Amino acid sequence: MDDKVLLQVTNLQKYFPVKGVKGPGVQAVEGVSLEIKKGETLGLVGESGCGKTTLGRTILRLHEPTCGRIVYDGNTIYDSGGFDIPLKDKDGKQVLDKNGKPLTTKSKKTSQDMLPFRRKMQIIFQDPLASLDPRMTVGEIIGEAIDIHKLASSKEERSEMIKSFLSDVGLNTEHANRFPHEFSGGQQQRVGIARALAVKPEFIVCDEPISALDVSIQSQIVNMLEDMQNELGLTYLFIAHDLSVVRHISNRIGVMYLGSLIELGESYELYKHPLHPYTKTLLSAIPVPDPEKSRARKRIVLEGDISSPMNPPKGCRFHTRCPYATQKCKEEIPQFKEYGKDHWAACHLLG
Amino acid sequence: MSNTEDKKLLEIKDLKVSFFTPAGEVKAVGGISYDLGYGEVMGIVGESGSGKSVEAYSIMGLLQSPGKVIGGSISFEGEDVLSYDKNQMIDFRGNKVAMIFQNPMTCLNPVYTIGNQLIEALRAHNKEISAHDASKRAMEMLELVGINNLEKRMKQYPHEFSGGMRQRVMIAMGLICSPKLLIADEPTTALDVTIQAQILEIMKDIQKKTGMGIIFITHNFGVVAEICDKVSVMYAGRIVEQGKVDDIYYKPAHPYTIGLLRSMPRVDAEEYERLIPIDGTPVDMCCPPEGCLFAPRCEKCMQICFKKVPPYAELGDGHRSACWLRVQEQMSGKEEQDNG
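In order, the protein sequences belong to chains A and B.
Numbered according to our numbering, the first sequence spans residues 1 to 351.
Numbered according to our numbering, the second sequence spans residues 1 to 340.
The hints are simulated quantities; they were obtained by calculation from the structure and are not laboratory data.
All values reported here derive from a predicted model rather than from experimental measurement.
Built from N, CA and C at the ideal position, the CB exists for glycine as well.
Mixed in with the good hints, there may be bad ones.
What the hints assert, rightly or not - Subject to a maximum C-alpha distance of 25 Å in a straight line, what follows is the list of computed SDA-like cross-link-like pairs (lysine to any residue): (1) A/K293 x B/S263; (2) B/K180 x B/F92; (3) A/K272 x B/N220; (4) B/K155 x A/D305; (5) A/K280 x A/K38; (6) A/K38 x B/R274; (7) A/K293 x B/L122; (8) A/K298 x B/P311; (9) A/K293 x B/D229; (10) B/K251 x A/A296; (11) B/K208 x B/A269; (12) A/K314 x B/S263; (13) A/K280 x A/E269; (14) A/K337 x A/P323; (15) B/K152 x A/E303; (16) B/K155 x A/S307; (17) A/K19 x B/S162; (18) A/K293 x B/E201; (19) B/K68 x B/G39; (20) B/K155 x A/A325; (21) A/K341 x B/A269; (22) A/K272 x B/L82; (23) B/K251 x B/P311; (24) A/K298 x B/K209.
Said to hold, decoys possible - Quick look at which bits of chain A chain B covers, simulated, 3 or more residues with Cβ under 8 Å: (25) 90-100; (26) 218-228; (27) 237-248; (28) 290-296.
Claimed, not checked - Just a few of them, taken from the derived set where beta-carbon distance is under 7 Å, the chain B residues facing chain A: (29) E47; (30) S48; (31) A190; (32) D192; (33) V223; (34) Y249; (35) S263.
Go ahead and model the full structure; you've got the sequences and the hints to work with.
Right under this line is the structure:
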């Protein structure tokens, strides 16, 4: 892992309009800013409906963002304010300012053509069977990605590539002729991973890749993802609701609540010294596989359910369930600030 | 509870359940035995396809064709459940044993109000109770599981409840006839951790208040540690290890249990440790191998493991493990004693 920032997301927002309802609709992601360094794994946790999957997909522009900016490896792939383009006069000459510097203007276009970026940014889905076309063989599924990006120069090279990807993920080369339903869940997920790796990506969004798998298979896949990262220098955005797995695999973890990022920090530091009251409750809710520790432990049980993202509460979005909420929390949105080294949180109580 | 010491709430002996499919007989449950005392909470842990739900369904008499109990016995408070006729079974379900399921939305009827469904469950078993008393009892149950605003909630439909709230309604419905045994089939698997914590707290609380027995089916070792007194670990239709919760966690004796505990990332770990997975995949139950079913994935397997099904090695205090390794250890231990 080096210090080069691979992905930068600024103030990203994604609203889903709802038919027949006035207002912005479902506010799934609200003003999320984060950076992911090259070779790092950033974990995203939160309850279901908190927007972690939507954030992952919006970063890949599988959902078109409503607002914000996404910069990947120095290239802006989305900017709701428009891109900088050179300002030219009628004759097509560059306009300069008083000091002789070229002037720029904002384009009406807000997004880049994604195809070249699709090769670099991939995703692994939660449900391996649903994400694979049932009428294509595994070889065709992996080959399709190679064809779209024209990665193979000959037929032989293409079939060699398919074989090598299958063996990379621990499947037999004969498996290329089989259909997805002929595999077990764990093997299907391996196919899903092979498909993502087929275009030699740099950045992979892992959207709950192990939630649908059996316990004894989960660790096989986790280890494989770790090995791939070490060998190929991949960068992961790892989304999951199993907090023990997320801590295991991530370098840093972001905690989301109702569309907003409320805490971000080094994974072990965050679990040892959580700052935000929500992170504290979330961590105390994890069942510990140790009877004595589990008996001795006092847990904070949250009252009530997560509010509707159609109509989120004013101020801090967590104030309706927070045991420490004050008047200020009900009125003002807390700022996302750095409280320790690389440890960020958004809470009025910390200020 | 002094007079209940000798009498067990539920005793299962050598239960065998098979599914007769066109592809052949699938031995979903291949001879399991356990007992449950009054007020005890037992966890059944296993992967999908290990037969843990099938076993629960056969207690409730809910097995559907082509599934069939082909051997063994289930006795509840000394009575043979398998010999019950249809009417006795109807009385048994709900009144004596209740079950809650993984997905509450598919178990609640979407076109009836919550109040209606609760009252229906009660009046099905208690014909004399008046409508007023039934509705009062339904509200009491909702209050017990921590639902507020009762008058309004009784008139609402399942879709107006969140996932956690629906699971609470399921628990209330299961407990409305005061059963002595509750079978909970993965009741928290579909829920978020924070909601799971709420439901576990409620179940622990109600268990203390009512003193009912619970069979808690799950694949989550963390949840088991939290709520159970005893644990049975199932693999491929057999109980491979059984014992008090502390014995299972601190002195696991079967390679499968050891492997499972080792393969999970632990939230209480101090620093990063690479996971040690169990290699291979679960057995195909259509054509299971001979001998110990875990042998093909076991790193300590011996020749005998592929030939004969291992018997239980008794390790004391109800802790037993079906593994040739333990059996041989005990045998060599005995020989040493005899020689010495």
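Open item on the list: Let me make sure I understand: some of the numbered hints might not hold for this structure. Which ones are they, in numerical order?
Closed with: Per hint list: 5, 7, 8, 11, 12, 19, 20, 22, 25, 31 violated.
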